[in-house]
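Enquirer: For the protein sequence lines, the chains are C and L, in the order given. Quick note on numbering that gives the first Met the number 0: the first sequence kicks off at 0 and runs consecutively. Quick note on numbering that gives the first Met the number 0: the second sequence kicks off at 0 and runs consecutively.
FYI, nobody ran anything at the bench for these hints, they're computed from the structure. Just so it is clear, CB atoms sit at the ideal spot from N, CA and C, and this is done for glycine as well. Check the hints yourself; a few may be wrong.
[Claimed, not checked] Partial chain L-side listing against chain C, Cβ under 8 angstroms, derived:
| no. | residue |
| --- | --- |
| 1 | 24 |
| 2 | 54 |
| 3 | 59 |
| 4 | 66 |
[What the hints assert, rightly or not] Reference listing, derived: stretches of chain L covered by chain C, where coverage requires no fewer than 3 residues with Cβ under 8 angstroms from a Cβ of chain C:
| no. | region |
| --- | --- |
| 5 | 25-32 |
| 6 | 40-48 |
Next come the chains, spelled out residue by residue.
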Amino acid sequence: MTVASDPFVIAGRELASRLILGTGGFPRMETLAEAIRVSGTELVTVAMRRVDPRSPHSLADVLRECGVDVLPNTAGCFTARDAVLTAGLAREAFETDWIKLEVIGDERTLLPDAPELLSAAEQLVAQGFTVLPYTTDDPVLARRLEDVGCAAVMPLGSPIGSGMGIRNTYNIQLIVERAGVPVILDAGVGTASDAALAMELGCDAVLCASAISRAQDPEAMARAIRAGVEGGRLARLAGRIPRRLHAEASSSFEGLAEL
Amino acid sequence: MIWLNGRELEGRDGVTVADLLADLGVEPQARGVAVAVDGEVVPRADWARRAVAPGARVEALTAMQGG
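Please build the complete structure, drawing on both the sequences and the hints.
Expert: Rendered as structure tokens:
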């Protein structure tokens with residue numbers, strides 16, 4: 000693949016940006032809108048929650064004005080049953096078959112519940128959803144999710160909101176090596192270099208929320224992470240030099256003067 | 000008695016889903032809203048005619064900020 004022609008395609012849909020933005024954690028709607036604009040993203044995640052009659056702002060309206068598509072998630076679901084029902088509600092609300100599937104197994108770590116996740120993925124694929132599952136960095140589970148028909152896999156770099164970056168680069172590499180669907184690094188990105196590393200490891204895209212929304216200057220961080228994703232992708236395509244223990248001179252010894 | 004988003008409503012047996020949504024300030028044509036009654040999605044097209052039985056649990060959801 001050349002740098003000039005480098006489409007990012009999920010389930011037959013081409014996206015111009017390899018950065019997917021999570022909308023969680025932004026202090027104000029204006030900040031969110033500005034971050035969306037400078038990030039260049041086309042796809043943003045939202046959670047499904049009870050209608051609050053006192054809430055003055057409609058997030059859906061803001062996102063429509065920004066011209067981005069909504070990727071609903073099933074955040075907060077702890078069982079396959081709840082996740083499947085939440086996905087059904089999201090499809091009804093947004094007229095999209097795309098769902099970011101999250102089934103959480105533990106409140107403290109927010110790590111995925113593997114058996115429930117796989118079960119929910121299987122049910123949602125059977126119902127015609129385009130399923131993008133948030134998963135652990137387990138290469139076997141990633142393969143199983145692909146086998147049941149998920150349109151992408153979204154392994155975590157480290158726990159949601161932790162900003163710990165990618166704790167096991169080898170597992171991410173193993174997932175990338177075997178995946179036949181896009182790999183989107185989800186969770187754990189703390190700053191631009193984490194996003195760049197994900198792309199250098201061969202991920203197809205990065206999903207990022209807290210690193211941007213909770214930064215001191217979310218707009219500036221949205222620019223930084225966008226640059227990280229783009230730089231990392233270019234580096235991946237360019238092909239980095241191998242790591243070596245000893246030096247390899249970049250200046251030739253040929254023609255060296257005898258002084 | 001009906002449960003609407005976890006809140007108990009007295010004396011509303013037999014109201015429609017659309018009536019309950021109106022209580023929440025949701026217009027009949029509102030986009031970005033979905034409803035489940037007792038764990039099943041009620042399509043938008045059925046909101047106006049779907050009567051809510053006594054004891055039913057109604058959840059009306061919309062998009063909120065989230066990762």
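Enquirer: Could you run down the list of hints and mark each one as holding or not?
Expert: Status of each hint after checking the structure:
1. 24: Holds. Min distance 5 angstroms.
2. 54: violated (19 angstroms)
3. 59: This hint holds: residue 59(L) lies near chain C, its Cβ roughly 5 angstroms from the closest one there, short of 8 angstroms.
4. 66: holds (4 angstroms)
5. 25-32: holds (count 4)
6. 40-48: Three-residue rule met by the region 40-48 of chain L, so holds; n is 3.
The structure does not agree with numbered hint 2 stated previously, though it agrees with all others.
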